[in-house]
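*Asks:* From first to last, the protein sequence lines are chains A and B. Residues in the first sequence are numbered consecutively from 139, following our numbering. Residues in the second sequence are numbered consecutively from 338, following our numbering.
In case anyone wonders, no lab produced these hints; they're calculated from the structure. Keep in mind the model is a prediction, meaning the values are calculated, not measured. Glycine is no exception: its CB is placed at the ideal position from the N, C-alpha and C atoms. Wrong hints could be hidden among the right ones.
To be verified - Per the computed footprint, the stretches of chain A lying under chain B, defined by three or more beta-carbons under 8 Å from a beta-carbon of chain B, are: (1) 178 to 191; (2) 219 to 225.
What the hints assert, rightly or not - So, partial list: chain A residues that the calculated Cβ filter (under 7 Å) puts toward chain B: (3) Glu210; (4) Lys214; (5) Gln352.
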Amino acid sequence: MTAAALEFRGVLKRFPRFTLGPLDLTAPPGCIYGLIGPNGAGKSTSIDLVMGMGALDGGTISVFGLDHERDEVAVKRRIGYVSPELDYSPWRTVGRLIRFLRPHYPAWDDAYCLSLLKRMRLDTEERINTLSFGGKTKLAVVMALAHRPDMLLLDEPLTGLDAVSKSDLFPELLEAVQDERRTVIISTHSLSDIERFTDHLGILNRGWMVLEGQTAALIERFRMIHGECADSPPLRREDGLYLLRHEGNRFKILADTLKDPFARLQAAGFTGLTDAPVTLEELFVALVKETAS
Amino acid sequence: MRFTPLWFILSARGYYFVCVFLPLISYVLSLGLLNSDVYSIPFRVSFLLLVPALFLPVMLMSIEWRLGVLRTLPYSKRNLSAALLLALSGIPAAVAALAGLFSAAVLALIVGRTDLRTSWFFLSAAGPCVFLFGSIPFSRLVVLELLRRTFPRTRLSVHQILLVQTLLAVIVCLALLALVPQRSIPGVMLVAGALFFPLLSLRPDAYAYKLRPMDTTQKPDGAKVSRLPKVFRKPVWSSNAMWFFFMVTAFFVAHSLPHGVIRAEIVTLVPFIISLMLAGILSEYAAFFLLSPRAHRQLPVKRSTQAFRLAFSLLATPIPVIVYLIAVTHPGVSAFLGEHALEMPSVFKEIQGRHAVPSPSFFSLPAIALMFMFPFAAVRISPSRSARALGIFPLVFYAISLNLPARLTAVGIGGPAGSSVLFIAFLLAWFLFWRMLGNSLIYRRPPWSAVK
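Between the sequences and the hints, there should be enough to build the whole structure, so can you do that?
*Replies:* This is how it looks when you write it as structure tokens:
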């Protein structure tokens, strides 16, 4: 049995005002896993933990079957990491940064690195602290890709980028993720981007994994149901029913089709039930709002 | 902007030059003045205060590389607990300082370089010194809290904080000068420590957490991001440079006092400096381990390994001071300076006239041991090659002052064979150093290169 590319089992991390987990997450090898959630949901913390930035208070993280603490070096060699908080400016120039990073990675590909730099319109003599925000993100992406990692950990790679920068970055990212052996874990707020190219999703809220699974299956699994009911019957999350809006006797409900929502709603006295597919954004907003309440 | 050497020296990585060599040069030049009977005591004291004051603006230009640490902290650390972590990093330093001071006092006694009285005084200074060094990180918090409460609505700049702290330091210093009964090195150390204790405490990175609100910006997605206020992203004191500053000044104060210098105490100072190094190393280790920046922590190198390498590199920091001690107490150096029309400071002539020349091995052995550690220094200074190149100066200074070839042939340590070994070791150290300049042998060395 092939080990999962990334696996969280009961991961727990406590902060004074926030607790992540216990969190379970499974990203199969070769998948493009989108980790989405509102601000403060724990996306960046989860990614930080994979990179050893913070000790676990419980649980385990394994990357390709390797323990992320015990096999820290081996794990990090297989990961390309991008974060808006990654500051390469102490190395002053792009060239120096490359010379510094290169020996750390056995699989570093100089030719590929140079071609990426060219495509991103970066120069080895360029000073890092004079690069724009987008330029720094591009540089981080190049550095993450140049050692041809088995896994890309992208923490908000597109946040703060303008349309031009995104158009520069997107083809490279798409090319990177098209490599079927490469697993990509991407956290972002941009749901439209996520929907376009992820095949697995994890929705985090307040440190909890609200929903996880294959993107298409998740979207198909949920339906938006409109109906009428004279009373205000209790709708329980355990029954796969999430109340979104209630005006008079009209209800708008997000329903998990795995739990036979129509039968449950009819039994509760709902009439005139109609359903419609949901978009990822609707699903995300509904789940986050519901779990927040 | 073109990257010129001058710009470089004045920039962050120039602190090695600015904070180490200028005080040393200034010290040498000022010794003659201070030891002259022509000048009154108030003049000497004024000069004493003026010299460090002259360096303050220059020191402000030094930017600690580790400032990047605070800008790139993981989310989990970007809060007040970072300040606490900084404070905790002082504990190993205090322990090391205690051990170092104790061994310094005992060692000097054992090797017969000092008498029981001096040793006792030195040991008696251990408590206050440990307090000073060990409590530096804690005192940072105390000082910043005091400032915050004193000026609750004021947005103080680094320079204003510095001014307040300097004034405090002067008051404490003057008080201690009046109170310290023994004008010996332990007492002087205490005074100097008191003088620079508030300066050592100046860590705008720590202040940034409390004294000023964080600059909050909003990302396009609406998320709010807090960053250090701009003023703290610019000039920052280098804690390592401050260690130096402290040591040089302690020495400076010791020589300027009327009773002159007891050579035995200078000898005792060497292990003391080594103990400071140890303290600095441990402190550095703790600080890096607790607050290592994201760009480093993502690397496929264990964090403990990185911290160890960076901390160990600190060993090189006091090399010039040790070299200076060797230089000023060795007759060969005196002759060398005389040949080149460079007058030896009168105080050292006096020392050499009054006391027997110390065994070269006593001085040279720790210095040679340190030399082997020198390649680590370049790592500590900067990841940039040109910055690391600056590290060559201490080594050159070391080689000149030690007058190594002459010493090896004339005196030798363990006869001709020992001299040969040392000479080869010296060449090897040079080779390692140059090799690292090209390829960063220590830090960047990939662990798999041995099997590749």
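*Asks:* Now look at each hint and say whether the structure bears it out.
*Replies:* Verification of the hints:
1. Beta-carbon proximity to chain B at under 8 Å applies to 6 residues in the segment 178 to 191 of chain A; the threshold of 3 is reached and the given coverage holds.
2. Counting residues of the segment 219 to 225 of chain A whose C-beta lies closer than 8 Å to any C-beta of chain B gives 5; at least three are required, and the coverage claim holds.
3. Taking 7 Å as the C-beta contact cut-off toward chain B, the hint placing Glu210 of chain A at the interface holds, the least distance being around 6 Å.
4. Interface hint status for Lys214 of chain A: upheld, as the beta-carbon distance to the closest one in chain B is roughly 4 Å, under 7 Å.
5. For the restraint placing Gln352 of chain A at the interface with chain B, the shortest Cβ-Cβ distance is roughly 26 Å, beyond the 7 Å limit, so the hint is violated.
In this structure, only the earlier hint numbered 5 is contradicted, and the remaining ones agree with it.
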